[in-house]
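With these hints in hand, go ahead and build the complete structure from the sequences.
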Amino acid sequence: MGEFLLRRLALAVPTLLLAMTAVFLLARVVPGDPALVILGDQATQEALLALRVKLGLDRPLPAQYLDFLGGILRGDLGRSLITGKSVWAEVLAVIPYTLELTLAAIFLGVLFGVPLGVYAAVHRNALPDTLTRLFSLAGLSFPAFVSAVLLLLVFAIQLRWFPVISAPRAGDVLDHLRNLALPAANLGLIMTAYVTRVTRSSMLNVLGEDYVRTARAKGIGRRAVLWRHALRNALIPVATVVGLYLGTLIGNSVLTEIVFNRPGLGKLILGALNQRDYTLLQGLMVFFAGLIVLANAATDIAYGLIDPRVRYR
Amino acid sequence: MSAPAAVLPARGWTRRFRANPTSWLGVALIAAVVLAALLASTIWPLDPLEQNVAERLMAPTAAHPLGTDTFGRDVLARLLHAARISLLIGAFSIALAMTIGSAIGIAAGYLGGWFDAAVTSLLDVLLSFPTLLLGLMVVAMLGPSMGNLVIAIAITELAPFARVARAPTITLKGRDFVEAGRALGFSDLRLVVVHIIPNLLSEVVVVASLWLATAIRTEASLSFIGLGVKPPTATWGGMIREGFENILDAPWLALAPSLAILVTVLGLNLLGDGLRDAIDPRARRD
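Sequence order for the protein chains is L and D. The numbers in the first sequence follow the numbering used here, run straight up by one, and end at 313. The numbers in the second sequence follow the numbering used here, run straight up by one, and end at 599.
Please keep in mind that the hints were generated in silico from the structure rather than gathered at the bench.
Estimated spans, in silico, between C-beta atoms of each pair: (1) D:356 x L:69: 53 to 59 Å; (2) L:65 x D:331: 53 to 59 Å; (3) D:572 x L:14: 42 to 48 Å; (4) D:484 x L:82: 48 to 54 Å; (5) D:427 x L:63: 23 to 29 Å; (6) D:366 x L:39: 32 to 38 Å; (7) L:163 x D:334: 40 to 46 Å; (8) L:223 x D:427: 49 to 55 Å; (9) L:216 x D:502: 54 to 60 Å; (10) L:82 x D:334: 53 to 59 Å.
Everything numeric in this text was worked out from a predicted model, so none of it was measured. Yeah, the Cβ is synthetic: ideal placement off N, Cα and C, and Gly gets one too.
Shown next, in the form of structure tokens:
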């Protein structure tokens, strides 16, 4: 097990390096001058030159690349052009909000998605299955901001069950949950659709396996076979998929945070974009790339823990 | 010399496709959207850009079945014309991603070795990056315009095409008919173009139909954030953004384009699912 862990972590290093290089190239090589983007068409040549020097863009590309990698190795993601605070400080200030939203969405997705997927698989090709499949496909078709706007229209504006703008009173747990409810339901809906689909197809695979047939032949009750023997194994791919979905979930949380006016990583990116905060944007890209590579490695390791066969591949 | 069916779809896929009712629902939804986009001016002859401040934020009436927006523009006319933009950007970006992505995948699979290893790990990184964030960063760097939007969305969708083209290339290059061609002294280019590409086209087309839905969703999301085609051109995402600013006074502004996106993306997903189930014999087990 220890060897597997080390091997998987070692594999993350070149991937991480590749991801960082991609971010660097994206920020440098794409046509368009960052200084011009930041200052606009009206800027004077002197101002453009001064900003280029400040950003280190006047130096040769290999030197910029080494500086960039050196910074990352020291854990330095740079500073915001606008506030002057470090990228880490900006990220740490808002990450609890995004984390809370993401975890709530995963919880809701597993809570509703797994039973729905099992139900659809057991009643395969019958009406409940068709309805479940249509529901999950519809859930995956919604861009996150469309479902968010629709939820807001119905539950906050028409029914007035929840606040239109998320601004919980500090220390009031109930108020906090009321503010979390709609954004979490929005992401949870998409997550449920996703988990349902994966659980269904994974259950269908497992139900055809020999060990399920053996268990049935031994006279074990239908329910016990389903939940103890089949579902346990069917959940392995579900766990992987939930891990891999983290990236999409972060993307969707950006849109959700904008619609519900919630603080978080999404609003941070949008603010950086609107204020042309080039250095913050680049730091955030590095942060996201790192987060996603590590999440993938963690998912693989979790997979290895659940299913011993994976370790020896 | 014609290539034998190697990875061609299992026979009778059109019959299987037609037997699936949800595929038909997908075809019907997409046909409706495409027709609406093509015949926009014929169906509803009002100008989507004409402003009329006296009639701003009007609720739906006979003259304006979907109401008017903040500038008094007709929402139905804007909705129909926006369909053109969404479909155009989606189609162009998918065509670009399909061409470049498949070329990368075929090159990696055909050449193998370190080139394949490097490309594969780069694809893994690209694939794990959230589509929206990647698109957002590229547009932010390039600046919002219709051409840049197409490039940005195409970049986010290169990886799935490269992946789908790579695997069958590896199988195909070891097949007898390719070996025979090589023995006859055919160039690599001829082997790839004449004998490999036609055999993996069906799989690439299925991926295209599924990712077209994602392309349209990404375009709408970027427009909603404010990184899409510049106003006053109507786009669904942009219309939802404008409607969202008036959501308390005029909720219908955000509702109509929301439903339009939903219908289009659901239709494409149903169509893509139906195609995949019909073509891929492994998926048919479900």
